[in-house]
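Peer 1: Sequence:
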Amino acid sequence: MHLPAWATARVRPYILRRYSEINLCCASQYSIETEVWQVRGALSEHDTPAAMIIAEGLTKRFKDFTAVDRVTFSVSAGEIWALLGPNGAGKTTTVRMLASILAPTEGRAWVVGHDVVADAQEVRRQVGILTELPGLYLRMKGLEYLDFFGELYGLPVKHRRQRSEELLERFGMLEAAQQRLAEYSKGMRQKMALIRALLHDPPVLLLDEPTSAMDPHSAKQVRDCIRDLRSERRAIIICTHNLPEAESLADRIAIIRRGQIIALGTPAELKTRLLGPPLMELRWRADRDGHLPALDDLIVVEDWGEGWLRYRTTEPETVNPRLVHRLDEAEIEVITLSEVPRSLEDVYLRVVEEE
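Taking the numbering used here, the leading residue of the sequence shown gets 1, the next gets one more, and so forth.
Keep in mind that the hints were calculated from the coordinates and are not lab data. Glycine is no exception: its CB is placed at the ideal position from the N, C-alpha and C atoms. Check before you lean on any hint, since a few could be wrong.
Unchecked claim - Computed list of lysine to aspartate or glutamate pairs in EDC-like fashion (alpha-carbon distance at most 20 Å, straight line):
| # | residue 1 | residue 2 |
| --- | --- | --- |
| 1 | LYS271 | GLU281 |
| 2 | LYS141 | GLU183 |
| 3 | LYS141 | GLU169 |
| 4 | LYS220 | GLU245 |
| 5 | LYS63 | ASP115 |
| 6 | LYS271 | GLU353 |
| 7 | LYS271 | GLU183 |
| 8 | LYS271 | GLU169 |
| 9 | LYS271 | ASP346 |
Claimed, not checked - Derived Cβ-Cβ restraints for the label pairs, each shown as a range:
| # | residue 1 | residue 2 | range |
| --- | --- | --- | --- |
| 10 | TYR153 | ASP228 | 28 to 34 Å |
| 11 | ASP297 | ARG108 | 50 to 56 Å |
| 12 | PHE62 | SER343 | 52 to 58 Å |
| 13 | PHE65 | TYR153 | 47 to 53 Å |
| 14 | SER343 | GLN162 | 58 to 64 Å |
| 15 | ARG312 | ASN87 | 16 to 22 Å |
| 16 | SER343 | VAL157 | 34 to 40 Å |
| 17 | GLY276 | GLN162 | 32 to 38 Å |
| 18 | ARG312 | ASP64 | 28 to 34 Å |
| 19 | VAL300 | ALA103 | 30 to 36 Å |
| 20 | LEU174 | GLN260 | 30 to 36 Å |
| 21 | LEU275 | GLU331 | 33 to 39 Å |
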């Protein structure tokens with residue numbers, strides 16, 4: 001019995017999560033189509049965005065070296081997914097397999113319902129890719145370069161000219177359209193490579209260090225563009241070392257080390273899982289007479305000083321209001337009660353430094 005592509009794409013992520021929860025090493029060993037029919041009745045075409053990118057046990061070996069080791073994940077339409085990891089962790093190799101540039105040694109992957117090996121040509125049509133070293137043709141002029149790639153993508157002459165000019169204007173590059181790429185700065189070349197990736201309006205974007213070598217204004221332009229590109233029909237993967245950028249853009253973050261995904265979740269989930277419950281800071285007016293009431297039944301104080309204290313709680317939505325109420329009853333004037341910021345860098349370092 002063969003399932004339509006939309007059904008397999010929609011339900012497969014739920015099956016993968018189920019297998020992951022019961023610690024099965026590879027969902028592809030089992031009949032996914034059987035599972036689809038079991039849960040399909042609970043889903044309609046509008047219940048959840050379709051999975052645009054699916055990887056199951058994806059592996060790449062170069063002789064005796066394993067660059068990517070059995071990674072399994074899915075990225076839905078409308079989702080920005082950040083892939084973080086140290087140099088040599090397997091980020092670029094993973095992206096190249098998803099773009100049908102490299103064939104996996106083991107495992108499978110689908111992009112917009114197309115197998116990255118069996119349907120490689122169609123996958124390349126559906127993907128816009130920005131590599132760390134984009135390999136621009138420096139003797140060509142900007143508009144000429146985009147027209148060349150537009151023709152390769154099969155875009156009509158009028159459409160590719162219009163699309164090129166729209167993107168050049170969007171990134172503040174229209175005035176440089178008749179300059180040779182050799183005359184561009186590093187940041188301008190990076191923007192040109194991104195424009196090339198967007199030229200055919202692909203439903204999947206694979207972006208490796210999209211703001212590398214850019215000045216702050218250009219980097220903001222690119223980040224704003226990536227946010228704008230999020231839609232119900234588009235999935236985006238970003239590989240980056242810029243952790244604040246990843247935190248501000250990504251819906252979910254995966255951390256890869258030695259070819260394996262060792263952490264995956266939203267920024268908030270990763271912080272809670274790896275750094276513990278949120279750390280709260282309470283500040284009150286200390287220039288008046290009065291003492292704090294007993295708080296031991298509400299919180300465990302981790303640190304304190306003149307007019308302030310810090311504590312952790314797994315239930316801030318219930319504990320914090322009760323705490324403020326008790327202080328109000330004791331006529332203690334609260335100045336602020338807020339969560340102490342925790343960065344993605346803290347999460348990243350905790351994960352990659354663990355052995």
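Peer 1: All the hints need checking, so say for each whether the structure fits it.
Peer 2: We went through each hint and held it up to the structure:
no.	hint	result
1	LYS271 <-> GLU281	holds (17 Å)
2	LYS141 <-> GLU183	holds (9 Å)
3	LYS141 <-> GLU169	holds (16 Å)
4	LYS220 <-> GLU245	holds (10 Å)
5	LYS63 <-> ASP115	violated (24 Å)
6	LYS271 <-> GLU353	holds (16 Å)
7	LYS271 <-> GLU183	violated (44 Å)
8	LYS271 <-> GLU169	violated (39 Å)
9	LYS271 <-> ASP346	holds (8 Å)
10	TYR153 <-> ASP228: 28 to 34 Å	violated (21 Å)
11	ASP297 <-> ARG108: 50 to 56 Å	holds (54 Å)
12	PHE62 <-> SER343: 52 to 58 Å	violated (34 Å)
13	PHE65 <-> TYR153: 47 to 53 Å	violated (34 Å)
14	SER343 <-> GLN162: 58 to 64 Å	violated (42 Å)
15	ARG312 <-> ASN87: 16 to 22 Å	violated (34 Å)
16	SER343 <-> VAL157: 34 to 40 Å	violated (48 Å)
17	GLY276 <-> GLN162: 32 to 38 Å	violated (53 Å)
18	ARG312 <-> ASP64: 28 to 34 Å	violated (46 Å)
19	VAL300 <-> ALA103: 30 to 36 Å	violated (54 Å)
20	LEU174 <-> GLN260: 30 to 36 Å	violated (44 Å)
21	LEU275 <-> GLU331: 33 to 39 Å	holds (35 Å)
Hint compliance for this structure: hints 5, 7, 8, 10, 12, 13, 14, 15, 16, 17, 18, 19 and 20 are not met, and every other hint is.
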